[in-house]
Amino acid sequence: MSNELFTFDGKRKYLTQDEQDRFLKAASDLDRAEVRTFCMTLAFTGCRISEALQLTVARVDLSAKVIRFRTLKKRDKVEYRAVPVPDDYLDAMKLVHSIAKRQKLKTGKDALLWDFKRAMAWKHIKAVMQAAGIEGAQATAKGLRHGFGVRMAQKTRNPRLVQKLLGHSSLETTVIYMDLVGEEERAEVLGAW
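Take the sequence shown: its position 7, counted from the start at 1, is 4 in our numbering, and no numbers get skipped.
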């Protein structure tokens, strides 16, 4: 079992697809649209909470259909990574944050998309997790990130791509997601006997 993806007593630290769907449904029911798009950003990109909070209008690339994050774990150098996102996410970003309109303006492109701080972001995530009925070690922003990594590993089977999407410096960090895929494959094979 990958230690980074499970607690000491074997409980998951990542959201399953069903849990993510419930999380996004609970977020869609929110009155505050900007909190909804924040939740969508974490779920659809696997970004760190601090990376999301630094996202600007200019880094939402509507034509390439990617979000460009400054990778914060690489403190000694400025590095960006592009994460492809679904059309419905981009539609929500355009509607809520007026991305297309604001990108045409001469000023304001470097304005942050969300005006709340890290502590408030954590509270929003916790509230949405509770509304979705998700409890446990996985009911965190990191649980969303780990869930994204697990799904990308399962769907792509490409450790280099998963590494790039998550902004990992080392492939060793990414391998935990590939190992989990191996564990789930074993479980499927054992279930067939």
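Hints are computed from structural coordinates only; laboratory data are not their basis. Don't be surprised by glycine CBs; every beta carbon is placed ideally from N, CA and C. There's no promise every hint is true.
To be verified - Distance ranges between label pairs, derived from CB positions:
no.	residue 1	residue 2	range
1	108	70	37 to 43 Å
2	14	84	27 to 33 Å
3	55	84	36 to 42 Å
4	5	25	30 to 36 Å
5	100	161	23 to 29 Å
6	166	29	32 to 38 Å
7	81	6	34 to 40 Å
Range hint 36 to 42 Å: satisfied by the CB atoms of residue 55 and residue 84? violated, 20 Å
Does the Cβ-Cβ separation between residue 100 and residue 161 fall within 23 to 29 Å? Distance hint for residue 100, residue 161 holds at roughly 25 Å.
Using the Cβ atoms, figure out if residue 81 sits within 34 to 40 Å of residue 6. 36 Å Cβ-Cβ, so the 34 to 40 Å window holds.
Can you tell me whether the CB distance of residue 108 to residue 70 sits inside 37 to 43 Å? Between residue 108 and residue 70, where Cβ atoms are some 24 Å apart, the hint is violated.
Looking only at beta-carbon atoms, does the pair residue 5, residue 25 fall within the given range of 30 to 36 Å? holds, 34 Å
Okay, residue 166 versus residue 29 on CB: inside 32 to 38 Å? holds, 35 Å
Measuring from beta carbon to beta carbon, are residue 14 and residue 84 in 27 to 33 Å? violated, 19 Å
When the structure is compared with the earlier hints, violations turn up for hints 1, 2, 3 and for no others.
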